[in-house]
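Enquirer: Quick note, the sequences are listed as chains F and E, same order. Residues in the first sequence are numbered consecutively from 1, following our numbering. Residues in the second sequence are numbered consecutively from 1001, following our numbering.
Hints in this document: simulated from the structure, not taken from any laboratory. Ideal Cβ positions, reconstructed from N, Cα and C, are used throughout, including at glycine. A couple of the hints might just be wrong.
[As the list claims (entries may be wrong)] To give an idea of the interface, some chain F residues facing chain E are shown, with a C-beta separation under 7 Å as derived from the structure:
1. G324
2. A327
3. A330
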Amino acid sequence: MLPELGHFALVLALVLAGLQAFFGIAGPALGRDRWVAATTSAVAGQFVMVATAVGILVYAFVNFDFSVLYVAENSNSALPLMYRIAALWGAHEGSLLLWIFLLAVWTLAVAIVSRNLPERFAARVLGVLGVLSFGFLLFTLATSDPFRRLIPAAADGHDLNPLLQDPGLAVHPPILYTGYVGLAVAFSFACAAMLEGRMDPNWARWTRPWTTAAWAFLTCGITLGSWWSYYTLGWGGYWEWDPVENASFMPWLVATALIHSLAVTEKRGLFKSWTLLLAILGFSLSLLGTFLVRSGVLVSVHSFAADPSRGRFILAFLGIVIGGALALYAWRAPLLKSNAGFDLLSRESFLLFNNILLVVAAATVLGGTLAPLIGDTMGQTSLSVGPPYFRPTFLLAMVPLLLLLSVGIHAAWKRGRLEVAVKPLVVTLAVAGILGAATVFGFYGGRHALAITGFTIGGWIILSSLLDPIDRLRRHLSLSRAVLGMTLAHIGLAVAVIALTGVESYTSERDIALGRGESAHVGDYDFRLMGTQELEGPNYSATRATVDVSRAGRMITTLYPEVRQFWVQQQTRKIAGIYNLHGTDLFIALGDNLGAGRWSLRAQIRPLITLLWLGPLFMALGGALALSDRRYRLERAAARAGVAGTAHGEAQ
Amino acid sequence: MKSRFLIPLGIFVLLVVVLIVGLNHSREVGVLQSPLVGHQIPDWELPMLTDPAKRMGSRELKGQWYVLNYWGAWCYACRVEHPTLLQAQHDARVQIIGVDWVAGNQDENAQALEWLARLGNPYSTVVTDLDGRTAIDLGVAQAPESFLVNPQGVIVYKEPGIITPEIWRREFLARLPPQSTAPVANEGGS
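Extracted from the complex, chain E is given alone in its bound form (with noise of 0.2 Å):
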């Protein structure tokens, strides 16, 4: 036998570990959750989108249901979810807190407010993680990437891609307290 006979398959074999572990890997950010749920979100600050001087941050948000929407105007697959977020953003038990993930692009934060006029805005409130620090300390692999946070600021879930509306009825809408408006008597009902 002769060794260049092997090449291909030697080739392939290395591109089956690279799978195994994109698969893991993907079941680990995704099925069987990243490492940060049930636990508390790292503390975060960022500087708001349209005014840098202004910043938020997990502290000002406890109290509140929350998303945390990692996005970005260089992101292909953000366009795909945008208009779910569009449709989302109606629903008053959580506010969606997009944060504009600068990744290297370099007029990032300028196409991201374009966008966001072209587009519309689903975001209650946009900042803008400039060097990737937060992203990081979230373990945010890739975009677009959706943290759900609750009240305690303990991450419940965590969306590693696109948020489709099944994705968001089945995940998000139904780890959520019941919308108040919803009247108990109707329990006896049926």
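One chain only, chain F, in its complex shape (with noise of 0.2 Å):
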């Protein structure tokens, strides 16, 4: 019976959404308040409805209802707890659901937060919010419902995919989609302004927030898949530019260069087209994403059942959506003049170049990740791009916008000014620059152009970065969180850039054969395998090795490396040994038993990974921090103590 309700919900959700959508958009255009006014009575209970229809799933997980098809083909009796709810999203229809589900929680929290906003403009926001919803809700019913039966009931269920079952990839999903959903905020934001065709001056500033926080989200999601594919696929990679991860960045690269570009158009009132395009870029990205991983048009390990009906759903769906809000674009953008202009060396210019770049690097990852498809219609047979095509490409982008960062956070707004900032940067550069030369050639050893070139970039960010607060705190000026976020999030990339740079060029990486009490060296360091045993886990059985590591005679750890076996998929899953020495990991996967005793495994030294996960982690963190800035809650603040704030915004 329950089951039935959640599908029950999920139509309700519908015709709410569709109500959402109307009310919202045809509301403000028609000039029906009471309309307007019900706008948020919808997205209430829109957001009720899905919370029920999550809920029953869930419960149909954590009660082993085998006759729920979704819940049959996707746990077991075996499983436990945790990955019984984390199976929610572990294929298609559930995962579409989370993602329903996600965008009614950001929708809800527009609506309490834009009680402060001018009527019309939050209703128009929620609408556009209303439309991507029903669409999705409809793709949910009308191609991948969650709750179809299975009668007769299963036994027993087939099981959670085995590289689901790992507590990084349980939580992975669900950041990486309230990344992906929060990007429909400011796409909304943007659509808004776009129907009223005028950008309120307080536009930016109310859009940056959601941005940031969509941003900051896709961030840590991205960066918990790489982390996880790192220490679970068994080959200790951690970008591969599989098509599914580069459309999780595609939409970061955007949403990178639109939190710059919204910090010109709030301070400036510039680049307001332009900022209107990149917010509708960077969700029609993750739109694209969506696409590419459940249509089955590329293949890659993150597949969804591949199913054309549902391809043809979506590619009709995005057409409408991306379609309309750009031709709506075309429309409306002329519109909105910006008519101060700025000097080549201000601030302004560099956040010009910056999201120049950030586009350039986003369309050539697109280029690249589409280039099979584009291969397809050319009449081409196979035209599949990989690594070497991403890498310099993606570095021909990077590396002048990295340079560019340390001059663009010294120039100021409007007039080209520099001569003052010459000086510090200068000093910095050539500091970074020394103590670049001194890590290669002192620490690492060798002649590494590129690896003294990463690491003084690093360096630079970092020191340059710094130059501002601490100039500030000296003289006992106050600091804004923004300023603060802005600074943790570029030192954070800085980190990035040095883990990468570390990781490129120093990695020693060996597959070795080793029988018993034999031993291997990589890097500086011996592996001894010291032998292997048989365990039993809920669901699984597993072969563990035993592998000692030390360094010059000297014991430093034991690792444990695991192959496991699980027994309903017959699937096999490579946990790796990982021990962690001041940001080195040293990292052996266990491969195949190659009889007699004889083990393959796989021993890398990976200097400086850890930044790899610490960098991306700053980034997010200076995302909150710029998003608790107090002029943000000044805002509200203002708006709720009196209505002047809306009068005014009504009075055009």
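Assembly of the complex is requested from the two constituent chains, each provided in isolation within its own frame, with the hints serving as guidance.
Expert: Below, the structure written as structure tokens:
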């Protein structure tokens, strides 16, 4: 009975989303204030219905209701509770429901926070969000109902995909999706402004916190995914330029550009139409990612079961939403004039370069990802591109971006006076260069021009980012959280650059075959296979090896890499043994049984890799810090204090 | 309306065209099957990976069920597919022939041998497609791709992507004759 209620809740949610879209868009357009007011109620109702559906599906998972097809396909009586809950997003139908739920959460948050915004504008934002909810709910009900019954019920479930039975992956999709879906808010703010045909002077300030929040989640989600693939897929890769990784990376690049262009729009009222375009593009790319993952047009580890009918639906939806937004853009953006000018060496210019380079980077990634499809269109057969394409093209855009960053943050708004900043910039660059060279020659050894460049760029960004905050502290001036957040995020980027430089330049890797008691030398370390044993987990059996790691005769640690064989799906999954020594990972993955007590193993020494996870974390924290800045809270408090704000908004 | 504001829309329309073609293409080779399905497999004969002096081809394989699996050491998705093939090789009804697709990778054959030594060899025989001509004959557009061929040499199924345990059960094993060990008498049981 419950699953039918869940299905019914989704139907009601669809109806309410339709109403939300209609009231939110038609209300302000026709000047019907009752309709405008009703939008919020539709939002609340839709949220309750979607949350009910999610609750019912979780309940079915927790209580082993194998009469629900999705539950039977993605769980098993031996599956631990945590993974039974995570199984909700273990496959296509449920993860789509998660998408819808998160969209409902964001929508509700917007409805609550924008009580202080001009009523009609807020209704338009919610209306556009309603269109998105409607489309996704329709998609679910038409092609991917998670509540479909399995009659007769299965005796036991087919189990969750073993790759997903991992704490890291249990949290990766919700966080990533929160970021993806969060970009819908910026998209809706942009569409609402275009529907109004004018951009409120405060528009950028309203939009910024939402964008930053979504961006911070996206940053965390991508990093978690990378970390997960590093320790669990068994070959120690952290980024493969796989289509789906790219699909998450492109919106991130555009969202990063958007954050920066919003800063210009907020401070100077410039780049208006460009900012709108970026807000549209960010979410469009996250929709495109959804299409690529779920339609089966590209082959990837992440692919859900390919189904062309789903592909056609998403493509049609994509066409309506993105095509509609871009058409609106072509129609309304010319009305938005920015008449202030700026000099070549002003902050505005540098942020423009930042935007261009980030968008170029996103475009090269897009081109590479779609290359197989473009090849098909032109009648070529196989036109698949891999890291040899992505790495250099991506660096080509990134290196200038990183070099301009240090200069850009010291440029003044509007005026092109860099003289004051030249000396500190040169000094910090010199210091960073010396430190970089010292690290390479003194510590890692070898003459590695690329490594010196990488370390220098990273060091320069850190040092030059600190110049301004330190100066202000010394003069006992206040530091806003926005500035601190920006500084932290830039340092995070630099940390990631340093990490990538270290990992790419100084990783030692070897595939070795060892018998019991034998050892192999990798980097400066010795890996000795002490033995293997068979283990049993709740729903798998495993072989665990014991590997002693030592350096110059001194014992460092013992690692236990595992290969798990899951019973139901007959799939294996590897758990690498990793020991972190001052930021360097000693990594060992167990391969195959070669017979006669011998095993193949993959050993890696990856210096600085810890920083690769810390850098993005700093970036996300920086985002969170900037979000909590006084001026966003003041804005709200001021609006709450009097109706004056709203009246002013309606005056035009 | 200034035309430069129409540029994004124009680019998007082009993108949609590419996606539509891509989707139809994936349907063609995927769900609606390649035009080769149901027809004789084009004659092929390729050198063995381990000993290029020896060759193997469709003629030798007449009379038995086999899967022709295109893969390459350069192919990321093939790594994902690999564990399934390792499991699948134990079915006595069908043998899995691996075709190492060089596809322009200079050290492909050496890397492929190293891959098989490291990750395990699921294939009864591994041949290599050096110039990619057989891949063109078979319409292989990407790796991995696999063909199920019956004893008469007819392609009965083509999988255009990763074989998962599920696909192996549903699309491959289900098309094979029942295992000879399965007692016929069981039918009356229920």
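Enquirer: At a threshold of 7 Å, is the proposed contact between A327(F) and chain E supported by beta-carbon distances?
Expert: Because about 6 Å separates A327(F) from the closest Cβ in chain E, which is inside the 7 Å limit, the hint holds.
Enquirer: Answer holds if the nearest beta-carbon of chain E is closer than 7 Å to that of A330(F); otherwise answer violated.
Expert: holds, 5 Å
Enquirer: Against chain E, is G324(F) within 7 Å by beta-carbon distance?
Expert: violated, 10 Å
Violated hint for the displayed structure: number 1, the only one.
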